[in-house]
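Chemist: For reference, the chains in residue letters:
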Amino acid sequence: MSLLDKYIVTEHEVLVIGAGGAGLRAAIESSAHGAKTAVICKSLLGKAHTVMAEGGVAAAMGNVDDRDNWEVHFSDTMRGGGYLNNQVMAEHHAREAPARVRELEAWGAVFDRTKDGKILQRNFGGHRYPRLAHVGDRTGLEMIRTLQDHGVHQGLDVYMEMTVVSLLTSGGRVIGAMGYDRERGRMRVWRAGAVVLATGGIGKAYRITSNSWEYTGDGQSLAYHAGAELMDMEFVQFHPTGMVWPPSVRGLLVTEGVRGEGGVLRNSEGRRFMFDEIPELYKNQVAKDEEEGWRYVCGDKNAQRPPELLTRDHVARCINREIKEGRGSPHGGVFLDIGWIKERIPNAQAHIKKKLPSMYHQFMQLAGVDITTEAMEVGPTTHYVMGGVRVCGDTQMSSVPGLFAAGEVAAGLHGANRLGGNSLSDLLVFGQRAGEHAAKFAKSAKSDAIDSQQLEAETKRALEPFERPEGENPYAIQSDLQNSMQELVGIVRTQKEMEQALDVIGKLKVRSARAGISGHREYNPGWHTALDLRNLLTVSEAITRSALERKESRGAQFRDDYPSRSDECSKFNIVTRKGADGSMQLEHRPLSPLRADLAAIVEKMK
Amino acid sequence: MQGGGFKDYSVEVTDGMVVLDCIHKIQAEQAPDLACRWNCKAGKCGSCSAEINGKPALMCMTRMETLPPGEPVMVEPMQTFPIIRDLVTDVSWNYEVKKKIKPFKPRKPDNADGTWTVFQEDVERSQEFRKCIECFLCQDVCHVLRDHHKHDEFIGPRFLVFTAALEMNPLDTENRLADLKDRDGIGYCNITKCCTKVCPEHITITDNAIIPLKERVVDEFYDPLTMLFRVFRARS
Ligand SMILES: Cc1cc2nc3c(=O)[nH]c(=O)nc-3n(C[C@H](O)[C@H](O)[C@H](O)COP(=O)(O)OP(=O)(O)OC[C@H]3O[C@@H](n4cnc5c(N)ncnc54)[C@H](O)[C@@H]3O)c2cc1C
Ligand code: SF4
Ligand code: SF4
Ligand code: FES
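Protein chains in written order, with the numbering used here: chain Y, 1 to 606; chain L, 1 to 236.
A few of these clues could be false.
To be verified - Chain Y is faced by these chain L residues, among others (derived, beta-carbon under 8 Å):
no., residue
1, M17
2, I26
3, Q27
4, Q30
5, N39
6, K41
7, P72
8, Q79
9, P82
10, I83
11, I84
12, F104
13, Q120
What the hints assert, rightly or not - With a Cα cut of at most 27 Å, we get these calculated DSS-like pairs of lysine-lysine:
no., chain 1, residue 1, chain 2, residue 2
14, Y, K36, L, K100
15, L, K108, Y, K354
16, L, K105, Y, K115
17, Y, K353, L, K108
18, Y, K353, L, K197
19, L, K102, L, K150
20, L, K7, L, K55
21, Y, K342, Y, K301
22, L, K193, L, K181
23, L, K25, Y, K507
24, L, K105, Y, K36
25, Y, K115, L, K131
26, Y, K355, Y, K118
27, L, K150, L, K55
28, L, K25, L, K105
29, Y, K342, Y, K324
30, Y, K36, L, K99
31, Y, K36, L, K102
32, Y, K288, Y, K496
33, Y, K496, Y, K509
34, Y, K115, L, K214
35, Y, K509, Y, K460
36, L, K25, Y, K509
37, Y, K324, Y, K551
38, L, K105, Y, K118
39, L, K99, L, K181
40, L, K55, Y, K36
What the hints contain is simulated information worked out from the structure, not anything from laboratory work. Using N, Cα and C, we set each Cβ at its ideal position, and we do this for glycine too.
Given the sequences, and given the hints that come with them, work out the whole structure.
Modeler: Structure follows, in structure tokens:
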């Protein structure tokens, strides 16, 4: 009996791991290039994180303000990212996003419209002009459903509710993946000429997060253990507005769209505290008073944005400050008020329900708060990771041949901080590129035999927790990690606390090796949680080590012991790699200087 | 994994908890292998469908204080689909059905840059149907599927809504009426409106989607004026 008889083995040219926006877009493209393509996802099709995105997808179409174009979008993205972005990616993204959004319309997406019948665009933090194409506050649903419904007619093989636990390599190249199906717990092998990681983020490393159980850093960790480089892992975005009450929904996202539609932040004294501190980089782009801010919301082209629409890192820190200094709301947040716009427009209640229907329902049903008349209580929540797999800006290939990455799992586009709406466009632009280049790579790759020793070892690791029915509860280990990351590597960081965090992570690694589970392999969430631990611990260590190494405050990283930007630190990205001895190695990777024409654009838009 | 029955767990309930929180608490503290589906915890992904005290609902949007105090809370999987384990059912039939429905086929772009000119009024109908989160609660409650098991002849309310979204998309040029009448079994629906009542997205499934589709099917295949005309000739 051959070894492969123990596994269900399937053959593909391109294997896409993940069925969110990035994975589906990559698969559609790969298939269009004639590659036999498979998609794997942990949940059912159409349930990936992308479905939760609310506010919109950024693309400089200029439908609402014709002064917008790719150059403005490019410079907004670079400024937001603290200039640590991969310039090649930022350029492709700004140039290609409009075409990618229009293509969705051709595939059946139904966006909200302008008065003259074009795709409507809304304001969002850090974007100079109204730029987010949207459908009320359920843009992600529209996007994933469009890609899913189009994708199933493109001849893709879809493997739902299956989880990849390891990438298979041969001679330094990726040749497939190994994993299990949730339903029966059978082990499976997918052989492929190229693999695209589109697995999303890491939010479950923290206690308070807008992310679901899927976000355990699988793709980052799979890539790392296969020898690929990670980059910018210190940059974790804390979204300023998550729900704070009731406790069971703590962290659930309140879309930035609320502020885009005129919502304002106030502290317990009723003060609009966001006017109190305007960062240097944005001082020419902020309204001087409430009046001008409102005019901006209404589309007055001569007005500047209200300070609530500054970048997320800044807004989150201001909220944090208000709470810490005792001016918070009863449940430890601040107030976000959209109902006040009734002072300015007729039919405000109907308008809010039309523009923000799912926010209205979310608060009504989960908190018993009517947002058209009452203020919401909000506070920061772990939301997005800018860092991830380091890729080539043109092809999305990682440092391991045959391994590609797109979407939240990849690093580069967003630098030190992502602008709202730039993720959905990221998925489309780089999903498309990854799909194309993976297909081309696969066509020219020769097939290599699977290393049976590697496969056996990985299978043994995956099944080990069953041998310890009396072992430690994996949920308890996960929750201890989440608490430590939340307390020690959160919005405000210090060397001392992060060193403590490394210590905790070391101990948790030992405990996770003893994690055990009862029951059998069929749909057993305890087992899945035990297997996720390695991924969570890997990304947590990468975040903490990188954050320690970056001795400055920039974008999403704020260090109490190094509170300002350092010129020295503006010259490199931090790259993480698994060393020969298995330990985590860090390196300062110099940034290449901005190409002259791009530098001129940045200068012009200052 | 067939068979099985209720098992009791007792859970301490605090302010604002929903049913899904209680299930998670049981997983974390008492039964790590208890199987359920969920993702968003905010009524956006449609994963956590179940029957709570006999009523099809999303576990993440059902607050504990809306349930009768002091009585046990009965949580069961959806009954219309085969059970996989605990609260998880095999909903793959839905994905098969959807694949058979003719996809979106837009008219030629209106403008040279490949875009269309469409107004908000024209897309509103379709947008209502596109709010669907594919929780399949409407499929679960529909008696044609649940009690009469017509899975081979009837696509169910979810896919009537899906078809309506396509048919009422102002750009679409495909015709799905013959399919609706024959293969999709729209005639089985006798407008009991049970589906509309359980839809967590408050889509007016019956009034806005199914009834207009039924009317279109009737208009296309049983033109009443034509029938009246024939009767007339026979008499003369
Ligand atoms: C509440 C919320 C609102 C947001 N709003 C916006 C917004 O308005 N605009 C915006 O631009 N961005 C927004 N974002 C961010 C954006 O939605 C995400 O960054 C983006 O959807 C990620 O897409 P993705 O394709 O990279 O991954 P996902 O959509 O998360 O998909 C990941 C896929 O990978 C699969 N997967 C993961 N690990 C494995 C494994 N080991 N084996 C097999 N499969 C695996 C998962 O099952 C899933 O199918 C929001 C995020 C949240 C949480
Ligand atoms: S109205 Fe029609 S589709 Fe809806 S539950 Fe009743 S019979 Fe089923
Ligand atoms: S129509 Fe409503 S009930 Fe039916 S699947 Fe969609 S969201 Fe669920
Ligand atoms: S978990 Fe997404 S709808 Fe309940």
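Chemist: Does each hint fit the structure? Answer for all of them.
Modeler: Outcome of the hint check:
Annotation: interface hint on M17(L) holds; nearest CB of chain Y at approximately 5 Å, less than 8 Å. Using the Cβ-Cβ criterion of 8 Å, the hint placing I26(L) at the interface with chain Y is not satisfied: the shortest such distance is roughly 11 Å. Hint on Q27(L) holds. Least Cβ distance to chain Y is approximately 6 Å, under the 8 Å limit. Interface restraint check for Q30(L): the shortest CB-CB distance to chain Y comes to about 11 Å, outside 8 Å, so the restraint is violated.
For N39(L), the suggested interface contact is upheld, since its CB lies about 4 Å from the closest CB of chain Y, less than 8 Å. Satisfaction of the interface hint for K41(L) is found here, the shortest Cβ-Cβ separation to chain Y being roughly 7 Å, below the 8 Å cut-off. For P72(L), the shortest C-beta to C-beta distance to chain Y is roughly 20 Å, which exceeds 8 Å, and the interface hint is violated. For Q79(L), the suggested interface contact is broken, since its CB lies about 18 Å from the closest CB of chain Y, more than 8 Å.
This hint is violated: P82(L) has a C-beta 11 Å from the nearest C-beta of chain Y, more than the 8 Å allowed. The criterion of a C-beta within 8 Å of any C-beta in chain Y is not met by I83(L), whose closest approach is roughly 10 Å, and the hint is violated. About 6 Å separates the beta-carbon of I84(L) from the nearest beta-carbon of chain Y, less than 8 Å, and the hint is met. Taking 8 Å as the C-beta cut-off, the interface hint given for F104(L) holds, the closest approach to chain Y being about 4 Å.
At about 4 Å, the closest approach between the beta carbon of Q120(L) and any beta carbon in chain Y falls short of 8 Å, and the interface hint on this residue holds. For the proposed pair K36(Y) and K100(L), the alpha carbon gap of about 21 Å is at most 27 Å, so the pair holds. Restraint check for K108(L) and K354(Y): the C-alpha separation of about 30 Å exceeds 27 Å, so the hint is violated. Note on K105(L) and K115(Y): the hinted pairing holds, with a Cα-Cα distance of about 25 Å set against a maximum of 27 Å.
Our distance criterion of 27 Å between C-alpha atoms is broken by K353(Y) and K108(L), whose separation comes to about 34 Å. Distance restraint check for K353(Y) and K197(L): the Cα-Cα separation of roughly 21 Å lies within the 27 Å cut-off, and the hinted pair is therefore satisfied. Between the alpha carbons of K102(L) and K150(L) the distance comes to roughly 21 Å, so the proposed pair stays at or under 27 Å and holds. The straight-line distance between the Cα atoms of K7(L) and K55(L) is roughly 19 Å, inside the 27 Å bound, and the hint therefore holds.
Between K342(Y) and K301(Y) the alpha-carbon distance is near 22 Å, which keeps this suggested pair within the 27 Å criterion. For the hint pairing K193(L) with K181(L), the CA-to-CA distance comes to about 19 Å; that is within 27 Å, so the pair holds. In summary, the hint linking K25(L) to K507(Y) is supported, as the alpha carbons are separated by about 25 Å, within the 27 Å threshold. Taken as a hint, the K105(L) and K36(Y) pair is honoured in the structure, with Cα atoms around 24 Å apart against an allowance of 27 Å.
At roughly 22 Å between alpha-carbon atoms, K115(Y) and K131(L) fall within 27 Å of each other, so this suggested pair holds. About 17 Å separates the Cα atoms of K355(Y) and K118(Y), which keeps this hinted pair within 27 Å; it holds. For the hint linking K150(L) to K55(L), the alpha-carbon distance of about 21 Å falls within 27 Å, and the restraint holds. For the suggested pair K25(L) and K105(L), the alpha carbons sit about 47 Å apart, so the restraint of at most 27 Å is broken.
A hinted pair counts as satisfied when its Cα atoms are at most 27 Å apart, and K342(Y) with K324(Y) does not qualify at roughly 31 Å. Among the hinted pairs, K36(Y) with K99(L) is consistent with the structure: their alpha-carbon atoms are about 19 Å apart, no more than 27 Å. For the proposed pair K36(Y) and K102(L), the alpha carbon gap of about 23 Å is at most 27 Å, so the pair holds. Pair hint K288(Y) plus K496(Y) does not hold up; C-alpha atoms about 39 Å apart against a cutoff of 27 Å.
Of the supplied pair hints, the one linking K496(Y) and K509(Y) holds, its CA atoms being roughly 20 Å apart against a limit of 27 Å. About 32 Å separates the Cα atoms of K115(Y) and K214(L), which puts this hinted pair outside 27 Å; it is violated. Pair hint K509(Y) plus K460(Y) holds up; C-alpha atoms about 18 Å apart against a cutoff of 27 Å. Distance check on the hinted pair: K25(L) and K509(Y) sit about 24 Å apart at the alpha-carbon level, within 27 Å; holds.
Of the supplied pair hints, the one linking K324(Y) and K551(Y) holds, its CA atoms being roughly 24 Å apart against a limit of 27 Å. Taking the CA atoms of K105(L) and K118(Y), the gap is about 19 Å. The hint holds against a cut of 27 Å. At most 27 Å may separate the alpha-carbon atoms for a hinted pair to count; K99(L) and K181(L) meet this at roughly 17 Å. Taking the CA atoms of K55(L) and K36(Y), the gap is about 43 Å. The hint is violated against a cut of 27 Å.
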